[in-house]
Amino acid sequence: RKEVEQDPGPFNVPEGATVAFNCTYSNSASQSFFWYRQDCRKEPKLLMSVYSSGNEDGRFTAQLNRASQYISLLIRDSKLSDSATYLCVVKREGYSTLTFGKGTMLLVSP
Amino acid sequence: EAGVAQSPRYKIIEKRQSVAFWCNPISGHATLYWYQQILGQGPKLLIQFQNNGVVDDSQLPKDRFSAERLKGVDSTLKIQPAKLEDSAVYLCASSPQDNEQFFGPGTRLTVL
Chain G
1 RKEVEQDPGP FNVPEGATVA FNCTYSNSAS QSFFWYRQDC RKEPKLLMSV YSSGNEDGRF
61 TAQLNRASQY ISLLIRDSKL SDSATYLCVV KREGYSTLTF GKGTMLLVSP
Chain S
1 EAGVAQSPRY KIIEKRQSVA FWCNPISGHA TLYWYQQILG QGPKLLIQFQ NNGVVDDSQL
61 PKDRFSAERL KGVDSTLKIQ PAKLEDSAVY LCASSPQDNE QFFGPGTRLT VL
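Read top to bottom, the protein sequences are chains G and S.
The numbering of the first sequence is our numbering, which starts it at 1 and goes up by one.
The numbering of the second sequence is our numbering, which starts it at 1 and goes up by one.
Please note that the accuracy of each hint is not assured.
To be verified - Here are the simulated SDA-like cross-link-like pairs (lysine to any residue), alpha carbons at most 25 Å apart as the crow flies:
#	chain 1	residue 1	chain 2	residue 2
1	S	Lys44	G	Thr24
2	G	Lys91	S	Pro61
3	G	Lys102	S	Asp86
4	S	Lys44	G	Ser83
5	G	Lys2	S	Glu85
6	S	Lys44	G	Thr97
7	G	Lys91	S	Leu39
8	S	Lys11	S	Asp63
9	G	Lys45	S	Phe102
10	G	Lys91	S	Glu100
11	S	Lys44	G	Ser49
12	G	Lys2	S	Phe65
13	G	Lys45	G	Glu15
14	S	Lys44	G	Tyr70
15	G	Lys102	S	Leu84
16	G	Lys91	S	Leu46
17	G	Lys45	S	Val55
18	S	Lys44	G	Leu46
19	G	Lys45	S	Asn51
20	G	Lys45	S	Thr110
21	G	Lys45	S	Glu100
22	G	Lys42	S	Lys78
23	S	Lys44	G	Pro8
Simulated from the structure, these hints should not be mistaken for lab results.
If you're wondering where the values come from, they're calculated on a predicted model, not measured in any experiment.
Chain G extracted, bound-state conformation:
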């Protein structure tokens, strides 16, 4: 079983839609969680960290369920500019290295 698993998509949604991605991780020692965004042919960039209490940044909401070992990202009111690949990332306790999922591709259409 891969350490971080995501549905690769693509998710095709119209502008204004709400879309949610899930990610599961296998290592219960995972301590820190992140969502990175990667535009086509560009480098990954940190979108947001994911906290146990859940956190929101504008139209983006991230949640963590430690018991079920999954992480979610909700995007409300999708914009064309949200089209990208969203990478789920975990970091184990005591390590600074990141483990990336394969990413979920989102395509927002007019």
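Please build the complex by placing chain S on the supplied structure of chain G, with the hints as guidance.
Positioned in the frame of chain G, the structure of chain S alone reads:
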């Protein structure tokens, strides 16, 4: 603030040839990472440096890949000899200690 710099941006070589990539991290960042990203996959860590010391190279194919960060600043990653399956984007990232990692634009390698 200048970001992570990488060169070259693109490289095409034939299998069994050698290739080297260069990375200059953000000034003051002690930690430097090299990742390999194969098409359709997430980045996979190859090696992590803390200043000029190796912290983790467990996923580096040491029979053909090598990396160094001699003065604790910029770094080079070398592949010798290259194989077809080495075709990928090689991403360099840096971070100040154990914080957010900032990625460079990557080097896109094609092995023919």
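Evaluation of the provided hints:
| no. | hint | result |
| --- | --- | --- |
| 1 | S:Lys44 x G:Thr24 | holds (17 Å) |
| 2 | G:Lys91 x S:Pro61 | holds (22 Å) |
| 3 | G:Lys102 x S:Asp86 | holds (18 Å) |
| 4 | S:Lys44 x G:Ser83 | holds (23 Å) |
| 5 | G:Lys2 x S:Glu85 | holds (20 Å) |
| 6 | S:Lys44 x G:Thr97 | holds (10 Å) |
| 7 | G:Lys91 x S:Leu39 | holds (22 Å) |
| 8 | S:Lys11 x S:Asp63 | holds (21 Å) |
| 9 | G:Lys45 x S:Phe102 | holds (7 Å) |
| 10 | G:Lys91 x S:Glu100 | holds (11 Å) |
| 11 | S:Lys44 x G:Ser49 | holds (19 Å) |
| 12 | G:Lys2 x S:Phe65 | holds (24 Å) |
| 13 | G:Lys45 x G:Glu15 | holds (23 Å) |
| 14 | S:Lys44 x G:Tyr70 | holds (20 Å) |
| 15 | G:Lys102 x S:Leu84 | holds (21 Å) |
| 16 | G:Lys91 x S:Leu46 | holds (15 Å) |
| 17 | G:Lys45 x S:Val55 | holds (23 Å) |
| 18 | S:Lys44 x G:Leu46 | holds (16 Å) |
| 19 | G:Lys45 x S:Asn51 | holds (23 Å) |
| 20 | G:Lys45 x S:Thr110 | holds (24 Å) |
| 21 | G:Lys45 x S:Glu100 | holds (10 Å) |
| 22 | G:Lys42 x S:Lys78 | holds (22 Å) |
| 23 | S:Lys44 x G:Pro8 | holds (16 Å) |
Violated hints are absent here; each numbered hint is respected by the structure.
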